[in-house]
Amino acid sequence: MKLPGVTVSSGTPGKTPDGAKDGTAPDCGASPEAAVSEFSALVREHQSMVFSIALHYLHDRESAEEVAQDVFLQLYRQKDRLSGPGHVTAWLRRVACHRSIDYARSHRLDPKIGLEELAEPASEERPGDPMLREKLRKLILSLSEKARMVMILRYQEDLDPEEIARELEMPVSTVKSHLQRSLAMLREKFGRALGGSLG
Amino acid sequence: MSRLDDELSNELKKALRREEPPVGFEARLMARLSSESKRETGLARWFKLALPRFPMMSRLAFASVLCLMVVAGVHYERERQERVEGEAAKAKLMQALRVTGTELQAMREKVMASSGDRAAGE
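Line by line, the protein sequences give chains A and B.
Quick note on my numbering: the first sequence kicks off at -6 and runs consecutively.
Quick note on my numbering: the second sequence kicks off at 563 and runs consecutively.
Hints may be right or wrong, so weigh each one.
Claimed, not checked - From the structure, some residues in chain A lie toward chain B, with a derived Cβ separation under 10 Å:
#1 SER41
#2 SER45
#3 HIS49
#4 ASP53
#5 TYR148
Hint data in this document are derived by calculation from the structure and do not stem from the laboratory.
By construction, the Cβ of each residue, glycine as well, lies at the ideal position given by its N, Cα and C atoms.
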């Protein structure tokens, strides 16, 4: 049965300007070929979001692909329960977050790099420098699991604290506190390099 | 917000921008989907595919009926066991009464016989 008021957007990979809040589950009552085709369209539309959440959280492409595939397989199994525009995107984002956290816990993927091990950015590193971005990623990896996911949802998905609180099922005040503490740490670590360039 | 914060925010957005998964991601996913679908057979397939098609109320009603059947079954089994135990106790009692009756009859015959001998002797 076709879900009312629901269409599958073919969508381009990557983030849409409105935060990729369109899309829906594949039509469960259609022929198997049509269902698979709709599912493929959903995968293409959302794969970069799901993969990137896992990649930025785990900092390992192989593990991120494994998590992303598990998320989409779960979507396929539960497709009948999802309906309405935005439902699939929100569901995928939430499941990607929780699966990444679970994966890191079960595989004991603790961050290998502590804050003290990261060298201060060299004075020649400037905004836009790929090395600087890689160090930022490593610093984010050194954050606690919740703080790390808050940063990913804030800066990758461009969600506001209220939306992040809903996704991670935590109070808004906790989200804001994670953001403030993480930004303070990053500001302290990279202030010199960034400030120098703004001179 | 200071320029430093703006710059940090921009750098974070760039560092955490979305990335495309490795080439062949979709093909590998579809291959996994296909192999997992083939594994789902028999009862597992029924539970996975058919059960979610029933509305929640139907599933709750089915679960309630199942619970009632289990409770009724346990109750019936307990009653049956009590009935069997009662029958066994009754059979034992009847057996005991029969034995007692036979012995009483034997005693009575002995008493009668001895009182008959005494009367004949006098």
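(request) For the hint on A:TYR148, just tell me whether its beta-carbon gets within less than 10 Å of chain B. (result) 4 Å, holds
(request) Classify the hint on A:SER41 as holds or violated, based on whether any CB of chain B lies nearer than 10 Å to its CB. (result) 4 Å, holds
(message) Tell me if the interface restraint on A:HIS49 is satisfied: Cβ within less than 10 Å of some Cβ in chain B.
(response) Because about 5 Å separates A:HIS49 from the closest Cβ in chain B, which is inside the 10 Å limit, the hint holds.
(message) Less than 10 Å between beta-carbons is the criterion; does A:ASP53 satisfy it with respect to chain B?
(response) 12 Å, violated
(message) Holds or violated: the hint that A:SER45 contacts chain B, with Cβ atoms closer than 10 Å.
(response) 4 Å, holds
Of the numbered hints stated above, the single one contradicted by the structure is hint 4.
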